[in-house]
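> Listed below are the residues making up each chain.
There are 2 protein chains.
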Amino acid sequence: MEQPIRVTFLGPIASFSHQAAVETFGSSADLLPCVSFADAFAAVQEEKADYAIIPCENSTNGSVVQTLDLLADPNGLYGNVKVCGEHYLTIHHCLLTRKGDFLPDQEDYKSISRLYTHPQAWGQCDVFLEKNLKGVERQDVSSTSKGAEIVSKERSERTAAIASRFAAEHHGLEILAENIEDNANNTTRFLVLVNAQADRPATVDFNHIKASVTPGGTAQKKTLISFMVPQDRAGALADALLIFKTHGMNLTSINSRPSQVKAWKYMFLVEGHLTPTSLNADAVSGILHGLKQVTEYCRYLGTWTDQLVPSFEDEAVQYAYTHGDLILQ
Amino acid sequence: MEQPIRVTFLGPIASFSHQAAVETFGSSADLLPCVSFADAFAAVQEEKADYAIIPCENSTNGSVVQTLDLLADPNGLYGNVKVCGEHYLTIHHCLLTRKGDFLPDQEDYKSISRLYTHPQAWGQCDVFLEKNLKGVERQDVSSTSKGAEIVSKERSERTAAIASRFAAEHHGLEILAENIEDNANNTTRFLVLVNAQADRPATVDFNHIKASVTPGGTAQKKTLISFMVPQDRAGALADALLIFKTHGMNLTSINSRPSQVKAWKYMFLVEGHLTPTSLNADAVSGILHGLKQVTEYCRYLGTWTDQLVPSFEDEAVQYAYTHGDLILQ
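Top line first, the protein sequences correspond to chains W and X.
One point on numbering: in UniProt numbering, the residue at position 190 of the first sequence is 190, and numbering is uninterrupted.
One point on numbering: in UniProt numbering, the residue at position 324 of the second sequence is 324, and numbering is uninterrupted.
Note that these hints are calculated values from the structure, not bench results.
Check each hint, because a few of them may be wrong.
Because identical chains share one entry, a pair is satisfied inside a single copy or across any pair of copies.
Pairs of lysine-lysine residues, derived as DSS-like cross-links and limited to a Cα-Cα distance of at most 30 Å, are as follows [stated by the list, open to error]:
(1) K245 - K221
(2) K221 - K262
(3) K262 - K245
(4) K262 - K131
(5) K265 - K245
(6) K131 - K153
(7) K292 - K245
(8) K153 - K134
(9) K110 - K134
(10) K221 - K48
(11) K110 - K153
(12) K153 - K99
(13) K110 - K131
For clarity, every value in this text was computed on a predicted model and none was experimentally measured.
Make the full structure from the sequences, and use the hints.
Have a look at this one:
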């Protein structure tokens with residue numbers, strides 16, 4: 001019998017990363033919470049997990065720098081870790097209480113004695129809180145799911161948490177109000193990490209990951225490459241970026257992080273788009289060859305299938321998220 | 001008699017921004033603390049202050065996203081705000097107590113009952129704390145200078161704060177130990193903001209700012225420009241960046257932030273270097289003209305004199321910070 005796939009996610013249990021792991025890998029996978037971003041990278045590097053899933057970017061707040069710094073990997077700790085997939089998760093918040101504590105009635109909200117959530121979530125639910133729960137005591141906790149856990153263990157007080165439906169189900173809480181966030185399109189992008197030396201990627205078979213490892217697919221691919229350029233050569237960064245264009249790759253994202261090698265020297269993390277064709281099959285290796293001529297350091301960090309498809313309603317901040325099957329048609 | 005220059009800085013009193021303001025503008029300026037990054041921008045836009053000084057980047061932690069988001073200015077609130085200078089401040093921490101409470105003796109440290117500082121400073125003083133203050137209760141506060149203030153008002157307990165020499169002087173505290181940070185080169189870059197419509201910049205006369213407004217200087221200049229590119233045109237970002245190179249400007253920094261206009265669409269903030277010569281006098285206007293052809297939006301955010309001069313010891317993470325006079329020679 002085949003071993004279940006081991007996937008580590010950024011904990012605690014019932015976190016948004018946990019939800020992303022279930023949506024990507026299904027619930028038959030062996031899902032293991034880890035306590036930090038670095039632990040997720042180490043688990044993949046040391047083959048304690050087959051995959052890791054961690055947040056890398058939010059549509060409102062931007063990049064998650066902990067993930068960028070680990071991908072930049074200045075000390076070469078995670079040489080075998082590559083990105084092999086991505087998953088988009090829209091962040092919806094709910095007002096959660098213990099079952100039977102409250103009626104789903106706005107009037108009854110007023111007797112809530114204390115609210116728990118992650119500091120960022122207060123700002124994300126401003127309109128709802130201002131209208132319904134003004135003046136209620138607020139307690140910051142380290143994650144929204146931690147707040148749900150605290151409320152689930154409450155014995156005497158009538159407290160509530162702001163957390164996901166997923167956390168409500170996990171901790172057996174009642175959903176008093178759903179989708180209480182101000183911005184219904186606040187979305188987090190997660191990256192799926194794999195060990196390039198392990199044999200997992202070629203044999204697995206599930207939605208998103210299948211798409212990224214199927215050779216010859218025509219879906220749009222994303223590639224991530226990191227590099228450092230000499231500080232004293234004018235135009236070095238522009239030269240490096242031009243190489244992507246020369247090989248037909250459309251730059252979609254550039255992040256710079258302190259190199260940790262020298263102050264004010266940066267590691268650049270560049271992501272590009274390419275629709276594979278017979279003509280550009282060697283584009284990525286061509287880019288890497290070109291970058292070696294103009295950079296001090298460059299590293300390939302993986303290629304995977306783009307899971308983001310812009311909606312046709314170009315005016316609205318609205319996107320449809322694809323499934324592996326759909327994008328492979 | 002001329003009015004004193006009004007400079008707002010990111011408070012509280014005795015913060016690193018306050019220190020940067022004193023080092024840049026001198027103590028004769030009218031220095032006004034503000035409570036948020038947005039307040040600093042608003043004060044300049046509304047001419048309630050002549051200048052603002054705010055952190056934009058740290059050599060270890062990278063960009064300060066609050067500053068980037070305000071420079072990106074998606075709602076056009078700060079149309080007159082430009083960058084006119086920069087200041088580098090090396091972050092040194094001290095162990096501070098009330099005068100007379102302790103002897104400057106490591107043995108005596110053990111009777112400290114509680115330590116106060118900003119969460120980030122614990123990690124920056126790890127070696128010293130592990131060696132000298134292991135197990136002492138730690139209390140997070142909103143800034144290192146706030147910790148110094150709390151200790152200065154202490155009446156019964158023998159508490160200590162980790163904060164700057166500047167905060168010690170401001171709050172009348174004793175320095176038990178100086179430069180207790182692990183990394184002696186951890187440096188923050190501050191930007192000086194000015195209202196481009198006000199007449200302050202052309203008439204002021206002090207170190208750094210003088211350098212940036214003197215026409216015809218030969219010091220290396222930095223220019224900041226923001227832009228958005230169409231998402232659906234392949235190579236649009238590379239085309240935009242190539243324009244900087246074409247006009248002889250060396251890209252030194254690229255940051256991308258969510259545009260807030262549409263999910264996964266970015267505002268790029270690009271900084272470039274140029275040593276002014278008679279041949280490239282029109283480089284910046286040439287770049288802006290070129291960008292208008294290939295971007296959806298672009299905005300000039302200022303030109304100022306580079307205050308960072310790399311040391312000749314290229315191996316070491318060590319830099320010499322220049323003074324306005326020096327760089328103008």
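> Take the hints in turn and mark each one as holding or not.
Taking the hints in turn, this is what the structure says about them:
1. K245 - K221: both (15 Å within a copy, 28 Å between copies)
2. K221 - K262: Cα proximity of K221 and K262: across copies only (22 Å, versus 33 Å in one copy).
3. K262 - K245: both (29 Å within a copy, 24 Å between copies)
4. K262 - K131: Classified as between: cross-chain Cα gap 27 Å, same-chain 50 Å, threshold 30 Å.
5. K265 - K245: Result: close both inside a copy and across copies, 24 Å intra and 19 Å inter.
6. K131 - K153: The answer is within: 27 Å in one copy meets 30 Å, while 39 Å across copies does not.
7. K292 - K245: This pair counts as both: shortest intra-copy Cα distance 16 Å, inter-copy 20 Å.
8. K153 - K134: Close inside one copy (24 Å), not across copies (33 Å); limit 30 Å.
9. K110 - K134: within (9 Å within a copy, 45 Å between copies)
10. K221 - K48: Answer is within; shortest intra-copy Cα gap is 28 Å, inter-copy 50 Å.
11. K110 - K153: within (21 Å within a copy, 38 Å between copies)
12. K153 - K99: within (12 Å within a copy, 47 Å between copies)
13. K110 - K131: Answer is within; shortest intra-copy Cα gap is 11 Å, inter-copy 50 Å.
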